[in-house]
Amino acid sequence: MTDLGRRAFLKTSALAASAALLTSPARRVHAAPKARVVVVGGGFGGAIAAKYLQMADPEIRVTLVEKEPVFRSCPMSNEVLSGDRSLDALTFDFRGLTRRGIAIMQDEITEIDAEQHFVRGSSGNRYNYDKLILSPGVSFRWDAIEGLTEEVAERFPHAWKAGPQTLKLRQQLEAMDDGGVFIISAPPNPFRCPPGPYERAAQVAHYFKQHKPKSKIIILDAKDAFSKQGLFQAGWKQHYGDMIEWVSGAAGGIVEAIDPKTGALIGTVEDFHGNVVSPIPPQRAGALAVSAGLTDASGWCPVDQKTFASTLHPDIHVIGDSCIAGVMPKSGYSANSQGKVCAAAIAAEIAGQAAPEPSYVNTCYSLITPDHGISVAGVYDLEDGQIVGIEGAGGLSPMDADARTRAIEARFAHDWFRNITADMFG
Amino acid sequence: MRLRMSSTLLAVGLTLSSAAAAEGVRSASMLANTCAGCHSTHGASAGEQMPTIGGMDNGYLYDVLRDYKTGVRGSTIMGRIMRGYTDREIHAIAAYFAAQPWVSTDRVAVATDLHIARDIHARQCETCHEDGGREQEDKSPRLAGQWAGYLEYALEACREIGHRCRPRKMGERVMELSDAEIAALARFYESEK
Ligand SMILES: Cc1cc2nc3c(=O)[nH]c(=O)nc-3n(C[C@H](O)[C@H](O)[C@H](O)COP(=O)(O)OP(=O)(O)OC[C@H]3O[C@@H](n4cnc5c(N)ncnc54)[C@H](O)[C@@H]3O)c2cc1C
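Heads up: the sequence lines are chains B and L, in that order.
So for the first sequence, the numbering used here puts the first residue at 600; every next one is plus one.
So for the second sequence, the numbering used here puts the first residue at 547; every next one is plus one.
Don't read these hints as lab results, they were simulated from the structure.
Among the clues, some could well be false.
As the list claims (entries may be wrong) - The calculated label-pair distances, taken between Cβ atoms and stated as ranges, are:
#1 L/656 x B/808: 26 to 36 Å
#2 L/605 x B/984: 50 to 60 Å
#3 B/969 x L/709: 25 to 35 Å
#4 L/660 x B/810: 39 to 49 Å
#5 B/970 x L/605: 49 to 59 Å
#6 L/725 x B/724: 57 to 67 Å
#7 L/725 x B/808: 57 to 67 Å
As the list claims (entries may be wrong) - Far from chain L, by Cβ distances over 10 Å, these chain B residues were calculated:
#8 656
#9 669
#10 707
#11 709
#12 741
#13 769
#14 774
#15 793
#16 856
#17 872
#18 896
#19 1008
#20 1011
Stated by the list, open to error - Covered by chain B, per the in silico footprint, the following chain L stretches (three or more residues, Cβ under 8 Å):
#21 584-590
#22 593-599
#23 677-683
#24 723-735
For glycine and all other residues, C-beta sits at the position ideal for the given N, C-alpha and C.
Isolated chain L (complex conformation) (with noise of 0.2 Å):
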């Protein structure tokens, strides 16, 4: 909670002093608002695929962001769109991201996805996404709530990675899930809210 309202004061502050700023500088909610064709109005996507990104943690979306920009980070689409921002700009995005409400998928528990998931997720994944995938820090994300469509998409490209996968705990895990395993964990996360 304490990290939520710092992350929201630090948006509040850029948006204000770049309305301010000198020529030249683009307000946190212009740069923004470029992002919403593809995840929605404040980030809460609609779809299935795209990933809802208003309410993460200010320090993962920075990060996320920029390893989108240098290609640390793979994408079928990020890469390009993020190599139209300065660092400073990816700051003010981030910022503004953070500063908006999480809003949870409409979706409820498939009952043998829960079976599986809920196992996995014990032994597995709870270490380090605590409360059922709901707590999130500056290094890891959320993903109670998260569509299940991208959390596949995103266990697919780690588990095509393997060892690469960051971070190399997690990456050593997600390796040995099944299909019917990322699926049913995708949707276990997608139910929860």
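Next comes chain B alone, as it looks inside the complex (with noise of 0.2 Å):
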């Protein structure tokens, strides 16, 4: 452990008084067949977590809590601002998750007390658990960029959380004459979804192509380089000629400050005016794991690669984007293959085994058109503690696709978006 990580660890109020626990061996949980699991957040990460633990051992109690009434899921969502999709198309319930057996409360946990083992929500309602599980997803550093704040965010909308930012963003799109300027600003790594901005470029351009042909995009990077570059930029200028512009950090890409009330982007060399201004904030964990203090100096949580346990307390384990889990990328696909890694070792310790050797997977597609799918793929094991690639396995697209591949790897994409939730909510 870190010392900030310990120091931050302290700090918090509902933990100071366990920190006994820290140097004692992980509390034991009894083999009674009633073990109750607290799953938080039901997305990616925790609707799978909370599935695959109540196949595993149908005995286990298993909860999962939710802040909100519906999941709206982020992969996809930039179709919304394409006009291809309806937000109703990526809004999902809980129904069958209810009907395997697992009790769904909706409800925002505000307090986690490690030492008495449950936490609290806003309802006041206290959950008891032998072992926690938290898929927070990511919150966003308010004070990374001067001015950018979360009134701010209002009217420049991220969308980098599915829901109302995303209908505003499209709104706004629809509203800009032809001829206008959207500026996306990209964060530094890492942050969810490594490709989603460049992929947010493309389909607004899709639509700017049909409707608004004069109209110009420009992403200002804080980086040098992104996820999938080659095949972005070729597909960009395949499509949309020069309409898409990519600023990287070195060359001025850097946002230091925003105009809260223009939306003027202020960089390191120039100032950026655009007509839709969406930045992207610089990211951390979950805003809860970021209270529990179980982040530790880079703002994200450490754990157990193998179990993803908490290394700043064994029985809170951490996954999906709030996790630091070696080279694999912040996705809902990574997500998906850590919250079952998760539950399997969870299951594992509930039984009084060992925890299993891990394997897991990421893909990430994504849409240049609606027939034009690119793809990057991870597979992955475990070498001395750290999640590392294996290699010769994954990689890129190829660079010279002929066009009706491209048009297969759209319409997989599409056929990922449908499996990977039938996997979590069916």
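Take the two lone chains, each set in its own frame, and fit them into one complex as the hints suggest.
The structure is reproduced here in structure tokens:
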């Protein structure tokens, strides 16, 4: 544990009393079949962990606590911006999980008592656990870009959590005149969905090309390189000519401040003025993980990558975007894969067995047009406690694939979405 | 039926032995769960394009997965995925999915397709894909109840490589099919349960 991590942990009042637990061996879960596992967050990581734990051992009592009444998927939400998809088509309910015997509670967890082993929600309800799994996604660093507050972001939507912000950004794009400029600012690594900002540019270009062909899209990047860069840049050029301009960090893409009135983005070299502005804030672990002191100096949660047990507290597991998972990117597929590894480890521990040897996969499909799909895949295992890519496996769609292959990949992208959400909620 | 039972036993055996196995061995379910992000839980695809793989024949699954890995079988993504698994792991994965129940799509037949497809099937395909594509064995897959989108993709891929499509007899026949015939066949098999 880093010094900083330990200090942050001890600072949390609810956890301060449990400092002794830090040095004592992991609290043993009684082998009784009625172990209670509470999962916080019903998204790509949490829904899967709950379902696969319940499938692994139906006698474990699994409770899933989610603050929203339904789940809205970020994957495919860029299609809402192009007009190809409705928000409804991103929305899922928890009835399938209820039918499987998982208790679903709509509540926002605001307190974790690691010593007493319970969490409490804003409803006042208390949920006792033997094992706690957190998959709360990301939160935004509102201190990173001067002037960019949660309130200002209501007018200049990041839409990096699917929902009202996604619709707002769509409305702004619809209201923009032809010839306007749309600016996206892409955050530094690590962040949720590394190909996301670049897919967003393509989806909006797809809309502009049909309805506002004189418009421009500028991506201001904090980085000098990005995911699937070659495939994206070739695809942009092929379908949208010069409509999309990417400004690397070195070339002046780093945004230092935003003018809260006009939305002008203040760069290191020059300022940028757009008609529609979508600054995607720098990120860290979900707010609950931060306030519970489960993060280290990086802002993300260090875990044992074999079990996803927090290294700051062994009976709390953190999966999905919030955790540090070796070379795995922060994606829905990664969260799915981690949820399964975590569920298997917890089921084994409850059964008094050693954690099983893990296996993980990630795939991110991106759409450049509705008929042009590209992908990146990774297959991983654990080496010396770190998740590493298996050599020779994974990688990108070929640069020279023909139009037919791109069209097939686009169809597989949509089917991936059907299947991963069926895996979560079916 | 006998085939199915033996593959089930094999899969259970593998699961048990690998759970108790030495460090470094990844169990069949651990490996197979990673596939469900694309093929859905237990390989019963909810999609139109991604194939259902749960309940396929053990021998067929093994051959196909190995052929993806070596590149003998073309793919958009399966080659990239399968290169992450050892031969022993591929055996375990195949046995795991073979032990799952086959779940057919809920699609119903379109009358015009039935007319075209039944005829072609009876004359050119039934000898190897018996009982309306319900039969499967270690060399050929079940077609009945598979998603039409996938079947169409597979048949188009076969037609494109023509004589090189395996088995050759099938390649020669698929080569002659029109787009409409391929689409009709795909929807016909999809609607057979
Ligand atoms: C535009 C965009 C496109 C994307 N496209 C893809 C893609 O194509 N493929 C891909 O694999 N990934 C994609 N992603 C990334 C993907 O959305 C995330 O990586 C994934 O959602 C992470 O899963 P998670 O479980 O960590 O968080 P989430 O899925 O966000 O789930 C977190 C859940 O926890 C709930 N929650 C948070 N705090 C609390 C609390 N205190 N109490 C109760 N509930 C709480 C939230 O309401 C939420 O439902 C995309 C992301 C974006 C923004």
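A quick look at each hint next to the structure:
no., hint, verdict
1, L/656 x B/808: 26 to 36 Å, "holds, 34 Å"
2, L/605 x B/984: 50 to 60 Å, "violated, 38 Å"
3, B/969 x L/709: 25 to 35 Å, "holds, 34 Å"
4, L/660 x B/810: 39 to 49 Å, "holds, 42 Å"
5, B/970 x L/605: 49 to 59 Å, "violated, 36 Å"
6, L/725 x B/724: 57 to 67 Å, "holds, 58 Å"
7, L/725 x B/808: 57 to 67 Å, "violated, 28 Å"
8, 656, "holds, 13 Å"
9, 669, "holds, 18 Å"
10, 707, "holds, 28 Å"
11, 709, "holds, 31 Å"
12, 741, "holds, 32 Å"
13, 769, "holds, 26 Å"
14, 774, "holds, 35 Å"
15, 793, "holds, 17 Å"
16, 856, "holds, 39 Å"
17, 872, "holds, 41 Å"
18, 896, "holds, 31 Å"
19, 1008, "violated, 5 Å"
20, 1011, "violated, 6 Å"
21, 584-590, "holds (count 4)"
22, 593-599, "holds (count 4)"
23, 677-683, "violated (count 0)"
24, 723-735, "violated (count 0)"
Of the hints listed earlier, those the structure fails to meet are numbers 2, 5, 7, 19, 20, 23 and 24, in rising order.
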